[in-house]
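Protein chains in written order, with this note's numbering: chain Y, 85 to 375; chain X, 85 to 375; chain R, 85 to 375; chain W, 85 to 375.
Hints listed in this document are in silico derivations from the structure and should not be mistaken for laboratory results.
Check each hint, because a few of them may be wrong.
One-sided and incomplete, this derived list gives chain W residues near chain R with beta-carbon spacing under 10 Å [stated by the list, open to error]:
1) K111
2) H120
3) N122
4) S130
5) G334
6) Y335
7) A337
8) M340
9) A342
Here a beta-carbon is modelled for each residue, glycine too, at the ideal position from N, C-alpha and C.
There are 4 protein chains.
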Amino acid sequence: MILHDKSSLRYGRLLIACPDQPGIVTKVTRILFDHHANITESAQYSTDPYNGRFFMRIAFTIDSASETLDTLHNALRPLAKAHAMKISLMLPEKKKRMAIFVSKEEHCLLELLWQQQMGTLEAEIAMVISNHPDHQKTVEAMGFPYYYIPVDKHQKDIAEKKQMDLIKDQVDFIVLARYMQILSPYLVSAFPNQIINIHHSFLPAFVGAKPYERAFDRGVKIIGATAHYVTEELDAGPIIEQDVQRIHHGYSASEMKATGRLIERTVLAKAVKWHVEDRILVHDNKTIVFA
Amino acid sequence: MILHDKSSLRYGRLLIACPDQPGIVTKVTRILFDHHANITESAQYSTDPYNGRFFMRIAFTIDSASETLDTLHNALRPLAKAHAMKISLMLPEKKKRMAIFVSKEEHCLLELLWQQQMGTLEAEIAMVISNHPDHQKTVEAMGFPYYYIPVDKHQKDIAEKKQMDLIKDQVDFIVLARYMQILSPYLVSAFPNQIINIHHSFLPAFVGAKPYERAFDRGVKIIGATAHYVTEELDAGPIIEQDVQRIHHGYSASEMKATGRLIERTVLAKAVKWHVEDRILVHDNKTIVFA
Amino acid sequence: MILHDKSSLRYGRLLIACPDQPGIVTKVTRILFDHHANITESAQYSTDPYNGRFFMRIAFTIDSASETLDTLHNALRPLAKAHAMKISLMLPEKKKRMAIFVSKEEHCLLELLWQQQMGTLEAEIAMVISNHPDHQKTVEAMGFPYYYIPVDKHQKDIAEKKQMDLIKDQVDFIVLARYMQILSPYLVSAFPNQIINIHHSFLPAFVGAKPYERAFDRGVKIIGATAHYVTEELDAGPIIEQDVQRIHHGYSASEMKATGRLIERTVLAKAVKWHVEDRILVHDNKTIVFA
Amino acid sequence: MILHDKSSLRYGRLLIACPDQPGIVTKVTRILFDHHANITESAQYSTDPYNGRFFMRIAFTIDSASETLDTLHNALRPLAKAHAMKISLMLPEKKKRMAIFVSKEEHCLLELLWQQQMGTLEAEIAMVISNHPDHQKTVEAMGFPYYYIPVDKHQKDIAEKKQMDLIKDQVDFIVLARYMQILSPYLVSAFPNQIINIHHSFLPAFVGAKPYERAFDRGVKIIGATAHYVTEELDAGPIIEQDVQRIHHGYSASEMKATGRLIERTVLAKAVKWHVEDRILVHDNKTIVFA
Numbered sequence: 085m086i087l088h089d090k091s092s093l094r095y096g097r098l099l100i101a102c103p104d105q106p107g108i109v110t111k112v113t114r115i116l117f118d119h120h121a122n123i124t125e126s127a128q129y130s131t132d133p134y135n136g137r138f139f140m141r142i143a144f145t146i147d148s149a150s151e152t153l154d155t156l157h158n159a160l161r162p163l164a165k166a167h168a169m170k171i172s173l174m175l176p177e178k179k180k181r182m183a184i185f186v187s188k189e190e191h192c193l194l195e196l197l198w199q200q201q202m203g204t205l206e207a208e209i210a211m212v213i214s215n216h217p218d219h220q221k222t223v224e225a226m227g228f229p230y231y232y233i234p235v236d237k238h239q240k241d242i243a244e245k246k247q248m249d250l251i252k253d254q255v256d257f258i259v260l261a262r263y264m265q266i267l268s269p270y271l272v273s274a275f276p277n278q279i280i281n282i283h284h285s286f287l288p289a290f291v292g293a294k295p296y297e298r299a300f301d302r303g304v305k306i307i308g309a310t311a312h313y314v315t316e317e318l319d320a321g322p323i324i325e326q327d328v329q330r331i332h333h334g335y336s337a338s339e340m341k342a343t344g345r346l347i348e349r350t351v352l353a354k355a356v357k358w359h360v361e362d363r364i365l366v367h368d369n370k371t372i373v374f375a
Numbered sequence: 085m086i087l088h089d090k091s092s093l094r095y096g097r098l099l100i101a102c103p104d105q106p107g108i109v110t111k112v113t114r115i116l117f118d119h120h121a122n123i124t125e126s127a128q129y130s131t132d133p134y135n136g137r138f139f140m141r142i143a144f145t146i147d148s149a150s151e152t153l154d155t156l157h158n159a160l161r162p163l164a165k166a167h168a169m170k171i172s173l174m175l176p177e178k179k180k181r182m183a184i185f186v187s188k189e190e191h192c193l194l195e196l197l198w199q200q201q202m203g204t205l206e207a208e209i210a211m212v213i214s215n216h217p218d219h220q221k222t223v224e225a226m227g228f229p230y231y232y233i234p235v236d237k238h239q240k241d242i243a244e245k246k247q248m249d250l251i252k253d254q255v256d257f258i259v260l261a262r263y264m265q266i267l268s269p270y271l272v273s274a275f276p277n278q279i280i281n282i283h284h285s286f287l288p289a290f291v292g293a294k295p296y297e298r299a300f301d302r303g304v305k306i307i308g309a310t311a312h313y314v315t316e317e318l319d320a321g322p323i324i325e326q327d328v329q330r331i332h333h334g335y336s337a338s339e340m341k342a343t344g345r346l347i348e349r350t351v352l353a354k355a356v357k358w359h360v361e362d363r364i365l366v367h368d369n370k371t372i373v374f375a
Numbered sequence: 085m086i087l088h089d090k091s092s093l094r095y096g097r098l099l100i101a102c103p104d105q106p107g108i109v110t111k112v113t114r115i116l117f118d119h120h121a122n123i124t125e126s127a128q129y130s131t132d133p134y135n136g137r138f139f140m141r142i143a144f145t146i147d148s149a150s151e152t153l154d155t156l157h158n159a160l161r162p163l164a165k166a167h168a169m170k171i172s173l174m175l176p177e178k179k180k181r182m183a184i185f186v187s188k189e190e191h192c193l194l195e196l197l198w199q200q201q202m203g204t205l206e207a208e209i210a211m212v213i214s215n216h217p218d219h220q221k222t223v224e225a226m227g228f229p230y231y232y233i234p235v236d237k238h239q240k241d242i243a244e245k246k247q248m249d250l251i252k253d254q255v256d257f258i259v260l261a262r263y264m265q266i267l268s269p270y271l272v273s274a275f276p277n278q279i280i281n282i283h284h285s286f287l288p289a290f291v292g293a294k295p296y297e298r299a300f301d302r303g304v305k306i307i308g309a310t311a312h313y314v315t316e317e318l319d320a321g322p323i324i325e326q327d328v329q330r331i332h333h334g335y336s337a338s339e340m341k342a343t344g345r346l347i348e349r350t351v352l353a354k355a356v357k358w359h360v361e362d363r364i365l366v367h368d369n370k371t372i373v374f375a
Numbered sequence: 085m086i087l088h089d090k091s092s093l094r095y096g097r098l099l100i101a102c103p104d105q106p107g108i109v110t111k112v113t114r115i116l117f118d119h120h121a122n123i124t125e126s127a128q129y130s131t132d133p134y135n136g137r138f139f140m141r142i143a144f145t146i147d148s149a150s151e152t153l154d155t156l157h158n159a160l161r162p163l164a165k166a167h168a169m170k171i172s173l174m175l176p177e178k179k180k181r182m183a184i185f186v187s188k189e190e191h192c193l194l195e196l197l198w199q200q201q202m203g204t205l206e207a208e209i210a211m212v213i214s215n216h217p218d219h220q221k222t223v224e225a226m227g228f229p230y231y232y233i234p235v236d237k238h239q240k241d242i243a244e245k246k247q248m249d250l251i252k253d254q255v256d257f258i259v260l261a262r263y264m265q266i267l268s269p270y271l272v273s274a275f276p277n278q279i280i281n282i283h284h285s286f287l288p289a290f291v292g293a294k295p296y297e298r299a300f301d302r303g304v305k306i307i308g309a310t311a312h313y314v315t316e317e318l319d320a321g322p323i324i325e326q327d328v329q330r331i332h333h334g335y336s337a338s339e340m341k342a343t344g345r346l347i348e349r350t351v352l353a354k355a356v357k358w359h360v361e362d363r364i365l366v367h368d369n370k371t372i373v374f375a
């Protein structure tokens, strides 16, 4: 389309998951076309074109004067019903609100705050919650609320109750930015596929505590970091992104940690970016990432 | 679709390039649907959704009993005309025929022969042409024709004439697998975007001769390899793929060469694979690679 | 030294391991100097300069007319005794003899044969042993002996006895180039730190069988390969080298395998190269690699 | 040595460059041994063991009660003279003082500030100098002096005179952390091999202005960043470190910039770290990095 005035445009995103079958793309894009939506990005994937599951992400612009997203949503509904299709329609203008959970190590926290301020992270940072007071000054100086909630390991439920009171209805998702506490099923189940953790190893290697020490003991030649959605089983949720860094026999465990920090922060920030841009679909404990 | 019998299926691929505008995907996929084609892969890209150029690659299966590809092609034609659309419809079953040009270094040649025999390279190796006799025995033992055509630098046109006689109408594209002669415009213009070269540097660094020696002199910390389509300007054609390898001050130029060989071969093989699978579109001296 | 004639030079390598303490380097290099050895490469590492363990590799040239290596060895002995030093003195001119064990997948085998013929692998290929007849023709055409020894899983000891008869006193080390049988302690203990295996995962992730299938199921975003010395515990020996390759949700398990092959072969070849160049020392189930 | 009390220890580093010849290591380490220095790290390199140039870096501890570094320095002098040896003896406890020059983009500046505060960068940040006022608040809040010195392109000498007044005798080296002004020979010659620049391309590709825009136009598949010492010729000084990031046809120039920022900062920080740890020697417009 020849665009005369971008100011009246609204942006939208459509995520689709359904059993694969011929004609789906035609039908979906036809409805978008009929509602004067202009597709700006489109990506799709099928686990198997015969009897598999089909996933699609479409980003589009729509002229808000002539059409509303509600109308579009209504138009898609019969199709969704006919094809057992799960559809989600999102407005990027309505930024997702995140809570960042952090313990003592600040590199992942700083990365998220910096990227958000740079404008590369399309999210609203609603609050930072920590079991330590260490970063209060830094976070508040940047204009974000900081809640210090100590965690007594024999009474974790008290802390989690306080956390829940703060985040309930206030945030869309949670980022564990080197938060060194295991969340209880109570919190995890309240945010399905909405809690992103950074694990400081190349999963599934070194699940659990002290991965760098164990990497050192095993004598690996490459270390890694993994961002994943949190599920009830520790470090076993859908992997979103991983990256690695070459090391050698001369690295101590603490040098591994220092090197690892540089990749942990970028891996986590990338996962969060994809999450807020609706680029991730979860299927079968795995992610489809339309990056 | 629920597939009862895969034996009667034919595979097809559709490449599209046209000015971007709303509705294209709907119209194209609608025609495929109407002709009972089942889309198995689809990828698209637009240089700009407003007045940019749109590119799409669709892989599909079609039941040969009920529909022929000619019918499909005919059905697409009016659409192509209406939208100034360049369309190409390919049958993977008709493998592309390649000529491999090689000089003394054999690592890229061996990689292509091996991958083709492994079945990972969906191409027919029509012939190997070399300005040296060195690899005749190896190539013929693997069952491929080998033509030794010496090149006299004062009479390159004689050699190129012989090469052209061999390849004309016999091959679809040419791979320069470390062929250390510069092709004349005569050959280049006969195979537009159909000649793939591997250059042993990270282009645009070190265009031309002796890239490893120059990389050594410059003291770079990473070396690279670049596969690109050949155009009249030396090492300036559309880049298809690049890869790099870390080195350090201790590497001599010849150690750089030995290390470089390991990436040259995989970069070239990847580019050839994408080419024969119709995954590459060229626009504005750049490639769009739907990998 | 100003060198007038390189033809009379002999090359040597010295590996040292001992408790770390001041003065070791001085004492060792002094003896080399007194015997007119010229150091061409030197590398060292200490697990801890206070009460740790010290490792050193020195490559040198010596004028064979004036000095023999035996004399040098004798001169080092008292020092070794005084410092509880383990010393090894090697002559690169005496190439290590290797046996390659392989099953059906040929990519690692081909890489080793090719690199040896290129001259980048300073080893003698004494024989190829396989539990399948598949590669006999290829290997013999390249001039190497091929022994087909089928393995009956209920009578593995019979096959291992035959293997041992072939390799005993005939080879210095063994390379398992995608040999899909687990060696018994009988063979492993006969070649301590002299059997190199390539495992098709990023260890310690996916120890054991079918790593690509399991990587696919886990939904990792990066796959890897690991070369390690074989010990009695499966896939738990000292890691020599690892490398990785990025993948995404669109990769099937078999596409992972195809991609993985490209790194398995280079990781294995690199490990073998370091082994034959005496660049690897083993300590505490880890490797020190002076690459 | 068995260490009873680390508190009285002083750390030292010795850098050596001289014509290669047998016996150097013995002679140098002998002097260290005689002065009760305990070598904790040692690395060496020769451009050619026959008539080449030899480089060595030794880190050691010395008991300050019994020996002073001056005594050691004096003991090394005759050796240095006899072998035309350039020696430098450094005390890590005396941290190098750096001036950071920056323009509008803050990612490299923040990385240096953050790593210095983390303790991974063994340097003193003496001041930040900028031709823009943008980062004054951030830098001063972290406790470092910030000098805003605007640069009029027709009167650059005025700004450089002010910069020189600030840094002269106050800093040991300068880091150009995305400082978008070309330094004049006046400043460059005052800090030979003491000015580190980060260039936002994989040098020698895209020397000069707007490298990402040019990378976009050329259609490269990998972008890079290069840290190098500044010499009079633009972007042609000794390369210290480089790193790269894979991109694809879908990246706009501004997405390349955003991706590039993530590697620029780590490449620059690594180069600065090596510089302050005396790990870099310059020879023939190239660096030897003992990392």
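We went through each hint and held it up to the structure:
A hinted interface residue such as W:K111 counts as satisfied when its beta carbon comes closer than 10 Å to some beta carbon of chain R; here the least separation is about 9 Å, so the hint holds. This hint holds: W:H120 has a C-beta 8 Å from the nearest C-beta of chain R, less than the 10 Å allowed. The beta carbon of W:N122 comes within 5 Å of a beta carbon in chain R, closer than 10 Å, and the hint placing it at the interface holds. This hint holds: W:S130 has a C-beta 7 Å from the nearest C-beta of chain R, less than the 10 Å allowed.
Interface restraint check for W:G334: the shortest CB-CB distance to chain R comes to about 14 Å, outside 10 Å, so the restraint is violated. For W:Y335, the interface hint is violated, since its Cβ never comes within 10 Å of a Cβ in chain R; the closest pair sits about 16 Å apart. Hint status for W:A337 relative to chain R: violated, with the closest Cβ pair at about 23 Å, above 10 Å. Against a cut-off of 10 Å between C-beta atoms, the interface hint on W:M340 is violated, since the closest Cβ of chain R lies about 18 Å away.
Proximity of W:A342 to chain R is violated relative to the hint, the smallest CB-CB distance being about 19 Å (cut-off 10 Å).
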